[in-house]
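Peer 1: Listed below are the residues making up each chain.
Protein chains: 2
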Amino acid sequence: MPDSKKIFLTEAESPKQWYNIQADMPNPMLPPLHPGTKQPVGPEDLAAIFPMELIKQEVSTERWIDIPDEVMDVYKIWRPTPLVRAYNLEKALDTPAKIYYKNEGVSPAGSHKPNTAVAQAYYNKMEGVKRITTETGAGQWGSALSFACQLFGIDLEVFMVKVSFQQKPYRKMLMNTWGAQVFASPTDLTQAGRNILAEDPDSAGSLGIAISEAIERCVTSGDAKYSLGSVLNHVLMHQTIIGLEAIKQFEKAGDMPDIVIAPLGGGSNFAGISFPFLHKNFTEGKNIRCIAIEPASCPKLTKGEFRYDFGDTAGMTPLIPMYTLGHNFVSAPIHAGGLRYHGASALVSQLLKDKLVEAQAYQQIPCFEAGVLFAKTEGIIPAPETTHAIAAVVDEAKRCKEEGVSKTILFNLSGHGHFDMAAYADYFDGKLSNHQFTDEDLKSNLQKLDTPKID
Amino acid sequence: MPDSKKIFLTEAESPKQWYNIQADMPNPMLPPLHPGTKQPVGPEDLAAIFPMELIKQEVSTERWIDIPDEVMDVYKIWRPTPLVRAYNLEKALDTPAKIYYKNEGVSPAGSHKPNTAVAQAYYNKMEGVKRITTETGAGQWGSALSFACQLFGIDLEVFMVKVSFQQKPYRKMLMNTWGAQVFASPTDLTQAGRNILAEDPDSAGSLGIAISEAIERCVTSGDAKYSLGSVLNHVLMHQTIIGLEAIKQFEKAGDMPDIVIAPLGGGSNFAGISFPFLHKNFTEGKNIRCIAIEPASCPKLTKGEFRYDFGDTAGMTPLIPMYTLGHNFVSAPIHAGGLRYHGASALVSQLLKDKLVEAQAYQQIPCFEAGVLFAKTEGIIPAPETTHAIAAVVDEAKRCKEEGVSKTILFNLSGHGHFDMAAYADYFDGKLSNHQFTDEDLKSNLQKLDTPKID
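For the record, the sequence lines run as chains A and B.
Quick note on numbering: the working numbering labels position 322 of the first sequence as 349, and the sequence is numbered without any gaps.
Quick note on numbering: the working numbering labels position 266 of the second sequence as 293, and the sequence is numbered without any gaps.
Hints are supplied without guarantee of correctness; some may be wrong.
One copy or two, it doesn't matter: identical chains are merged, so the pair holds either way.
Stated by the list, open to error - In silico lysine to aspartate or glutamate, EDC-like type, Cα no more than 20 Å apart, as pairs: (1) 470 with 482; (2) 403 with 100; (3) 279 with 40; (4) 33 with 96; (5) 118 with 96; (6) 403 with 97.
It should be emphasised that the hints constitute simulated quantities derived from the structure, not laboratory data.
All values reported here derive from a predicted model rather than from experimental measurement.
Starting from the given sequences, assemble the full structure and let the hints guide the process.
Peer 2: See the structure below:
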């Protein structure tokens, strides 16, 4: 093995600004629409649930946004994260490809999510917010925001998708340890939750339902704000610290990726690692392939429709121009809870529509196979979400071998799987199944939608 | 906050040798004795259970032992580990003390244990060993050796103390993911286990019992070797990479600790961080205080007797000169399973007897209080074992405030608590209790021993 498996940046070398891709997109994204008027939403429409600084970032077209010192100080707990060369995985695959991963699992919450959680908690704190509501799927986001709110002295209520609440009890305890209250969604605390429970008392919940509950709780409380862990522009922008660090690290290593791969739920970890490389494509004429990997059981990018849709189940959010399976879509309860979301962020959706990024869908069993191979070679147990990226990396590396070409592949190790060991146990016990829908099923779900189409 | 919260070493700056304190101890430790003959054991007595290279290291008086390249290559997955300044904890305590921690929780298995697991797996592999048996208390050691055996292609059987097996199901799944077989000890697979179960079918197990089972399984199989995660000289030596890295990092930071603190179960993480600083005391006339923290429910260093005793319950190991509560002592089932061991390593015991290191005992509730304070300020959830060090650090830092002096305190963050969240839940639910024995109870347990006394 060469001398450096890990490429570190010092804290002094850390990027000091986030990258805002809205400054560089060939086609800007379409405006989000007010759910009632169907007119573009203005900042004032969002002021009830978000602090003003985040609303400004949401619509900004400034290319670079300064990271506040207070946020940088918290980032220093775990950032810059290591860029690691997966020599052992390369060897196991006998591939000429060079495989690197950015290890976002080293954060206190165990994933990339604190990159935006810390920023959001900070801006809320600056505007005097005392309480925040949010939702969480697999629990990664809820954990990250619990950690961040704790550091800034803000109370937090988390609506956790019930199936994850049951699958991952340690996640709840983690959030409690950081001082958050956690509810299994759907709850009877909100009208949105009660409506769902009236139809199906055994509802396993969904991210869309949990979002409805968290927003309703925020709006009806009068004194709380709401926070979202993916999808929105400002969230994706906060995550670009990942790719910006990676570029500096590749420069140190004297290399640069040909392919960048990340799992996609709402879009934030994919955006975080890929947008800074797209900036290179836009401004330096590079042609770095950026591939989002989604679960075959929730294939909005590869089988969904590009149209306006709600971000939540009850239809409380603005209408967002996105690839979607329909806001009423409830994914099969695969273990990658963070990927069970019906839509993709507007930014990623526009980039996909313009063929500036790619998308692929994977079944969960081959993903766990790849995750176990990674654990056995590189030592780290990846989160189920992350295994989706690894499965695609393995396929790309095998393709390099078949074609006899050496490509440099980077993937985002978006989180560790320490709280997902039950999923691995199910995999080893043969209890997992792959999920598939017919195109007709998906089409019929989309046909029920009455949200605006896009030509 | 100043620019650097974390002090990193590059892989090229990593120490390339382990430190063997046997070269420098003012009084050498007494020899281990054969359990039958009561004569000093020779290398041939250990050859049935350990590979020869580890036996050589066990008795070596060479000051520096080269780390093999193959071991360094695996260390690079997570080493060098960061040295981190706990600014937020300092602020919360309003102390003039400077607090640093060495974060061993970043290893794939989540603790310091892989430092020796990788070395042991490597030396076994070099001597053609195909199968290893071991025990584990809280599961940290079993996880680490599973990870290491997986990388070197060795089969592993783990006897896990039953109370931990039940408290920490995810630990078992983690070991399974790395390919190990895990049994809840006492089992009916060994005579030692069957004897215990005959007396008490509901036995919660102990590290001493699990060691007996693992050794018996090794000896009766004929083709396996045995591996121990603490106590022995070579194990402690492999851990010195922690302190050796820390010294280089402190030199980079322009600082050096006045006090070094670590939890103590068998002694390996305490030795790992403190022995290189003791080397400074021995050779540079420094006076760095090294303090081992044990649980009040298993207080061998502060309430035990310095005498010969067995390392295991059934009396299969050599007799070791150690501070002990008696090899038949079964600790209360506190959550810090890694600290529930009846004795301390011979090296640490001799150093304590010679007043070259110190020891303190802590109850578990104040330890969890300190652990939660750490999680809320520094973001990282520490393992229950590690909270013992943190409780002592907090007390030292408060003393600095009372006395108006600034000391530099280093502690070993020996592991994260991701697999111990049930313990935190019990703490928050008020289900934990402190445990205390009367001195008479401990004395009467020691009086039952028929192992040789030491004047």
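Peer 1: Each hint should be assessed against the structure and marked as holding or not.
Peer 2: Tested hints:
| no. | hint | result |
| --- | --- | --- |
| 1 | 470 with 482 | within (17 Å within a copy, 85 Å between copies) |
| 2 | 403 with 100 | between (35 Å within a copy, 15 Å between copies) |
| 3 | 279 with 40 | both (11 Å within a copy, 17 Å between copies) |
| 4 | 33 with 96 | between (27 Å within a copy, 16 Å between copies) |
| 5 | 118 with 96 | between (42 Å within a copy, 17 Å between copies) |
| 6 | 403 with 97 | between (38 Å within a copy, 16 Å between copies) |
Of the numbered hints listed earlier, not one is contradicted by the structure.
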